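Visitor: Since the structure of chain A is provided, determine the placement of chain B on it from the hints.
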Amino acid sequence: EPEVTQTPSHQVTQMGQEVILRCVPISNHLYFYWYRQILGQKVEFLVSFYNNEISEKSEIFDDQFSVERPDGSNFTLKIRSTKLEDSAMYFCASITGGPTDTQYFGPGTRLTVL
Amino acid sequence: AQTVTQSQPEMSVQEAETVTLSCTYDTSESDYYLFWYKQPPSRQMILVIRQEAYKQQNATENRFSVNFQKAAKSFSLKISDSQLGDAAMYFCAYRIFDNYGQNFVFGPGTRLSVLP
Chain A
25 EPEVTQTPSH QVTQMGQEVI LRCVPISNHL YFYWYRQILG QKVEFLVSFY
75 NNEISEKSEI FDDQFSVERP DGSNFTLKIR STKLEDSAMY FCASITGGPT
125 DTQYFGPGTR LTVL
Chain B
12 AQTVTQSQPE MSVQEAETVT LSCTYDTSES DYYLFWYKQP PSRQMILVIR
62 QEAYKQQNAT ENRFSVNFQK AAKSFSLKIS DSQLGDAAMY FCAYRIFDNY
112 GQNFVFGPGT RLSVLP
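These protein sequences, in sequence, are chains A and B.
In terms of my numbering, the first sequence opens at residue 25 and continues consecutively.
In terms of my numbering, the second sequence opens at residue 12 and continues consecutively.
Here chain A stands alone, though its shape is the one from the complex:
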């Protein structure tokens, strides 16, 4: 069965550094999402992406965040200057966009900001 993949599985970085989290959505999917989950808390929507542009973003997704689909397969989340509170699991998800579709989640990247 096709699946969403994410790399790396764990990223450790120093506060103020830039990080790029990578995702490879399922190949025929059209909508892409990033979510984050701070340890012990609920899954929070960050951003959705369709047709090579952001379609919706939450208040969490400020100017420090950006997303890109550079080559038609990868979908990246960049955090320009990480803060301690950015430490979380980051999940990528994708969906074809049909009315009966279900989001498929990647395994997540654990980001630790020191």
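Note that these hints are calculated values from the structure, not bench results.
Since the model is a prediction, treat every value here as computed from it, not as a measurement.
Among these hints, one or two may not hold up.
Straight-line distance between alpha carbons at most 25 Å, and here's what the computed PhoX-like set of lysine-lysine pairs gives [claimed, not checked]:
id : chain 1 : residue 1 : chain 2 : residue 2
1  : A       : K107      : A       : K66
2  : B       : K81       : B       : K66
3  : B       : K89       : A       : K107
4  : A       : K81       : A       : K107
5  : B       : K89       : B       : K66
6  : B       : K66       : B       : K84
7  : A       : K66       : B       : K89
8  : A       : K66       : B       : K84
9  : A       : K102      : A       : K81
Cβ-Cβ distance ranges computed for the label pairs, FRET-style [what the hints assert, rightly or not]:
id : chain 1 : residue 1 : chain 2 : residue 2 : range
10 : A       : N52       : B       : Q80       : 28 to 38 Å
11 : A       : N75       : B       : P51       : 30 to 40 Å
12 : B       : R54       : A       : N52       : 17 to 27 Å
13 : B       : A83       : A       : S97       : 41 to 51 Å
14 : B       : K89       : A       : E109      : 33 to 43 Å
15 : A       : D95       : B       : E26       : 42 to 52 Å
16 : A       : S90       : B       : R54       : 18 to 28 Å
17 : A       : R93       : B       : L58       : 15 to 25 Å
18 : B       : N78       : A       : G96       : 18 to 28 Å
19 : B       : D37       : A       : E27       : 24 to 34 Å
Every residue gets a Cβ at the ideal spot worked out from N, C-alpha and C, and that includes glycine.
Guide: Same frame as chain A, but now just chain B:
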């Protein structure tokens, strides 16, 4: 505001017994979909069951079933014959269609423990 509430932060069940996880949501939309996702210790989010709001019949997937009460905006998950592998965080979520595509809203989760 669109919200999902799971009033039980933690639940436990004996192996082979039945447990029900509650979920309520708030939306003004008439067309939406409801989901239960399971997140085991591996942290990957796995779809458990899905319900279309326009369908009156409750969804069932093997040992998992839902009680969907649209008027009450309630969407509970029943796990029958609980197994040790069912131990996980369970998130209720709904999906709406807006002008920009789609959006998912997740509840805070219920941690389910299965006791041998």
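Visitor: Could you work out which of the previously given hints the structure breaks and list their numbers from low to high?
Guide: 3, 18
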